Each structure stands twice: as structure tokens, then as C-alpha cells.
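Given the structure of chain L, go ahead and fit chain D onto it with the hints provided.
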Amino acid sequence: MTASSTAAHQAPDATHGQAHGEVHGWAHEEGEEAVHFTLRTYLTGFVAAAVLTAIPFWIVMARPIASTAASVAVIVALAVAQILVHTFAFLHVNARAQGGWTLVSYVFTAVLLVITVGGSLWIMYHLNSNMMPGMMDPSQAP
Amino acid sequence: MTMTVVGEAAVAETPPVFYQLDEAAAHVGGGTLLGFWIYLMSDALLFATLFATFGVLSANFAGGPTPRELFDLGLVAANTAILLVSALTCGLAMIALQAGRLGAVRLWLAVTALLGAAFVGIELHEFRHLIAEGATPQRSGYLSGFFTLVGTHGLHVTLGVVWIAVMLVQLGQRGLHPDNRRRLLCLSLFWHFLDVIWIGVFTFVYLIGVL
Numbered sequence: 001m002t003a004s005s006t007a008a009h010q011a012p013d014a015t016h017g018q019a020h021g022e023v024h025g026w027a028h029e030e031g032e033e034a035v036h037f038t039l040r041t042y043l044t045g046f047v048a049a050a051v052l053t054a055i056p057f058w059i060v061m062a063r064p065i066a067s068t069a070a071s072v073a074v075i076v077a078l079a080v081a082q083i084l085v086h087t088f089a090f091l092h093v094n095a096r097a098q099g100g101w102t103l104v105s106y107v108f109t110a111v112l113l114v115i116t117v118g119g120s121l122w123i124m125y126h127l128n129s130n131m132m133p134g135m136m137d138p139s140q141a142p
Numbered sequence: 001m002t003m004t005v006v007g008e009a010a011v012a013e014t015p016p017v018f019y020q021l022d023e024a025a026a027h028v029g030g031g032t033l034l035g036f037w038i039y040l041m042s043d044a045l046l047f048a049t050l051f052a053t054f055g056v057l058s059a060n061f062a063g064g065p066t067p068r069e070l071f072d073l074g075l076v077a078a079n080t081a082i083l084l085v086s087a088l089t090c091g092l093a094m095i096a097l098q099a100g101r102l103g104a105v106r107l108w109l110a111v112t113a114l115l116g117a118a119f120v121g122i123e124l125h126e127f128r129h130l131i132a133e134g135a136t137p138q139r140s141g142y143l144s145g146f147f148t149l150v151g152t153h154g155l156h157v158t159l160g161v162v163w164i165a166v167m168l169v170q171l172g173q174r175g176l177h178p179d180n181r182r183r184l185l186c187l188s189l190f191w192h193f194l195d196v197i198w199i200g201v202f203t204f205v206y207l208i209g210v211l
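So the protein sequences, as listed, match chains L and D.
Mapping of the first sequence onto this note's numbering: position 95 corresponds to residue 95, and the numbering continues sequentially without gaps.
Mapping of the second sequence onto this note's numbering: position 93 corresponds to residue 93, and the numbering continues sequentially without gaps.
Here chain L stands alone, though its shape is the one from the complex:
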């Protein structure tokens, strides 16, 4: 009887705990302070993202910066900033979610992404510059 009543007592708690964990799911497993789905978070993120989107479009359409290289640098910096805003405000990535595995896998992916894209561009542009028609000396061709 004791066993069954304990089981009966635990069952609703387990269900509630699970449902609760799923609703806030992303946010935490311990501690109630980390409620992430707030209107304020989303609105702040939305306004920040809108500003960070509007500025690069303005830079390209109005060309306030004369140098193309400087414009590209600013646009890329703004894109990185916007990605971070989306990551924290919309995707709710933080060090506590899923015992930190969310953040670890995110950082790992970012590292792989930089290596894949940066490495490909570096190598291929290097090959391109060594294989431009003007740089090929036919007399030295094998």
C-alpha cells in the first residue's frame, strides 16, 4: 500500500515536472529565475535586429562610406552582431540550457563554420591568384 501510494503520489509530479520542463524546456533544468520566453526579450531582440538590418541596407543603398573594403567590414561586423542578437534573444542559447550542451555545440559549430568557410576561401583565392592567366609563364610550364 505504501509502495502504491508513493507511486501514485509521484506520478502526477513526474508528469507535471516533464510538462513544465518542456514548456520552459530550453531555459533550464534547475531554478525558476531563468524564464526566457518573455515579451520583453523578444521585443528587445526584434528592435535590435531591425536596426542591425536597416544599417547595412542603408550602407549599400546610400553608400555613406566611400571605401568598399570599409563598407564590407562594417556590414560583416553588423551581421555577426545580429546573429548574436538572434542567438540570445530568439534561440535562447545560454550556458545553463541543457547543462551547457547547447552552448558547447553552438560554439563547436561556429568553429567548424569558420574553418570550413574561411579555409575554403583562403585556399581557393590563393589558387586563383597563382593561376591567373597573366601570371602563367608558358616557358616554365612542365
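In short, the hints are calculated from the structure, not lab data.
One thing to keep in mind: the hints can contain errors.
[Claimed, not checked] A partial selection of chain D residues facing chain L, derived with a Cβ cut-off under 8 angstroms:
1) A52
2) T80
3) I199
All values reported here derive from a predicted model rather than from experimental measurement.
From the three backbone atoms N, C-alpha and C, an ideal C-beta is built for every residue, glycine too.
Chain D alone, transformed into the frame defined by chain L:
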């Protein structure tokens, strides 16, 4: 003996259920969300390779049209705004989900799906326009990379819209069941992830292309 009686009584009183209870119990602790997150990260790597391919081919015009001649930045700005607003409405759906308001969840999800459909519609319009001008994927390496990268993103958004439609049906039939809550959380992660990918697309493909 007592336990058996209690067990039988409990069985007799339990209303019939038509969904699988064990399935939900298998996901205690948010394992599904972490698994889905790792899928998203692998999807990000897929896009990384497409971005790398596009970057390598970004100057291979083969005498064909260049981005400055091809793109209408006003259209891209409109699409970017649509996707950003849809991220907000998706967030509003999640807030309604947290509050347990089924009607608001369905409303915001429907708005999100409409915005997603508008995004895909504008993108298809752009593609059709490009192809009509002769800027087909076969025209140059640059255009192959462009259509592959932007098309893959558009395909993801299309599937996201289908997913929202499925969830609207599920919500109509089952309400805010724990399984549906879990699915909606995954859906919201997927949708926000697509918006992050779009930041890379409009920055590296459109804006830097036109510069």
C-alpha cells in the same frame, strides 16, 4: 493484495487515451530539444559548405551577369523585413504557448505561416525573374552557387511553413498537449534558425554582392 485492487480500480477509472503515453515519457529532461538542436547545428554546417562554395565561385561570372545587374535590393529588404517580423510572431506564439492560450498560439502561428509563405512567394518571383532574364543556374559558376545556397534556404522555409500547417491541425485536434508543446518548441527553434541563416544570405550574397 491491496495493491492489486488499487491497480485494477485505477485501470477501470482511467479514461481511454488515443495517443502514445510512453512516447512522451521517453523524452523527460528535454532530450528531444537537445537532439533537435544538434540537428540544427549540423544543418548550419550544411549551409557553411554552401556558403563556402558560393564564396569560392562568387567571382566566376563566365562573362554572364554580375550581382549588381541582377538584384533588386528593395525586394531583398522587403523579404528580410518579412522574415524578421515572422520571427517576432513566432516568438509571440511561444509566449502564448507558455501562458497556455491555445487561441493565441494558433493565431500567431497562422500569421507566421502566412509571412513565411509570402517570403517564399517573393523569392520564387525573384527566381522566375532571374531565369526569364537568362540568369539561370547553368549560366555561370556564380549563379550555380547562388541558386543552390538561396534555394536551399527557401526550401527550408517552405518545409517550415508545411510544419506550421501540420502543427495547426495537431493543435486543432489535440490542443496544447505536452507532445504538441515539445513539437512547437522545436518548430520555433527551426524558424529562428532559418532567420539566422538569412542574415548570412542577405549580407554575403546580396549586400556584399551589390557593393
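Comparing the hints with the structure gives:
no.: 1; hint: A52; verdict: 4 angstroms, holds
no.: 2; hint: T80; verdict: 6 angstroms, holds
no.: 3; hint: I199; verdict: 5 angstroms, holds
Of the hints listed earlier, there is not a single one the structure fails to meet.
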